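Colleague: Following the hints, put chain E in place on chain X, whose structure we already have.
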Amino acid sequence: GQNIDQPTEMTATEGAIVQINCTYQTSGFNGLFWYQQHAGEAPTFLSYNVLDGLEEKGRFSSFLSRSKGYSYLLLKELQMKDSASYLCAVRGDSNYQLIWGAGTKLIIKP
Amino acid sequence: GAGVSQSPSNKVTEKGKDVELRCDPISGHTALYWYRQSLGQGLEFLIYFQGNSAPDKSGLPSDRFSAERTGGSVSTLTIQRTQQEDSAVYLCASSLARIYEQYFGPGTRLTVT
Chain X
1 GQNIDQPTEM TATEGAIVQI NCTYQTSGFN GLFWYQQHAG EAPTFLSYNV LDGLEEKGRF
61 SSFLSRSKGY SYLLLKELQM KDSASYLCAV RGDSNYQLIW GAGTKLIIKP
Chain E
1001 GAGVSQSPSN KVTEKGKDVE LRCDPISGHT ALYWYRQSLG QGLEFLIYFQ GNSAPDKSGL
1061 PSDRFSAERT GGSVSTLTIQ RTQQEDSAVY LCASSLARIY EQYFGPGTRL TVT
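One line per chain: the protein sequences are X and E, in this order.
Read in order, the letters of the first sequence are residues 1 to 110 in the numbering used here.
Read in order, the letters of the second sequence are residues 1001 to 1113 in the numbering used here.
I should point out that these hints are in silico values taken from the structure, not numbers from a laboratory.
Possibly wrong hints are sitting among the right ones.
Label pairs and their calculated CB-CB ranges [to be verified]: (1) X:28 with E:1022: 11 to 21 Å; (2) E:1018 with X:53: 44 to 54 Å; (3) X:28 with E:1096: 20 to 30 Å; (4) X:10 with E:1097: 25 to 35 Å; (5) E:1014 with X:57: 31 to 41 Å; (6) E:1111 with X:70: 30 to 40 Å; (7) E:1053 with X:61: 34 to 44 Å; (8) E:1054 with X:16: 21 to 31 Å; (9) E:1111 with X:81: 22 to 32 Å; (10) E:1111 with X:44: 16 to 26 Å; (11) X:67 with E:1014: 11 to 21 Å; (12) X:57 with E:1097: 16 to 26 Å; (13) X:57 with E:1054: 47 to 57 Å.
From a predicted model like this one, the values you see are computed outputs, not experimental measurements.
Every residue, glycine too, gets a C-beta built ideally from N, C-alpha and C.
Pulled out of the complex, with its shape left as it was, chain X reads as follows:
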């Protein structure tokens, strides 16, 4: 079957760095997405990786290793507003259907 694994919850301190991991097992691979979802709100797009390596976008970076079925989202200089759930999603064999992880709830403490 197809599976996306993420930690359920993580806690980090304001100003620090946190890494949220995502491992996947899918039939085929055509890209990996990270979304941020604040409580009670819709997910918003953060990043997209289709080739191995690191994609940097301001305070957020996303890494992909296709051979290991592994990605991480790195958040630097954490702010209180970064408290949210972070969803990992993989496009497998389908060109449009995404397989979604359950999300990682990130709690930022002062």
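Modeller: Only chain E this time, still in chain X's reference frame:
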């Protein structure tokens, strides 16, 4: 420009009633998706529309669920004879084309009593 909009934002209905949920995608986006999200869970794919092609209905959980997209724009998700297990947030998303990132609407929170 305007983002994806959904209505109503909240819907409380009695078990057995029918409900209609509406989605207005971003103008020019040809791909439209419906998802369901239960509390603390990931997104469950329901249905996908792409242009004038036949929709992918493979995620619809039962024949009580149906959806249509008129004129390649507005979409309506209909749930007939609602059950308590249908209670969830129903999210609509659109994308410029099928391979691009999806933009989500604010969702409709459905509660079946």
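Colleague: Would you pick out the hints that fail for this structure and give their numbers low to high?
Modeller: Failing hints, ascending: 1, 5, 8, 11 and 13.
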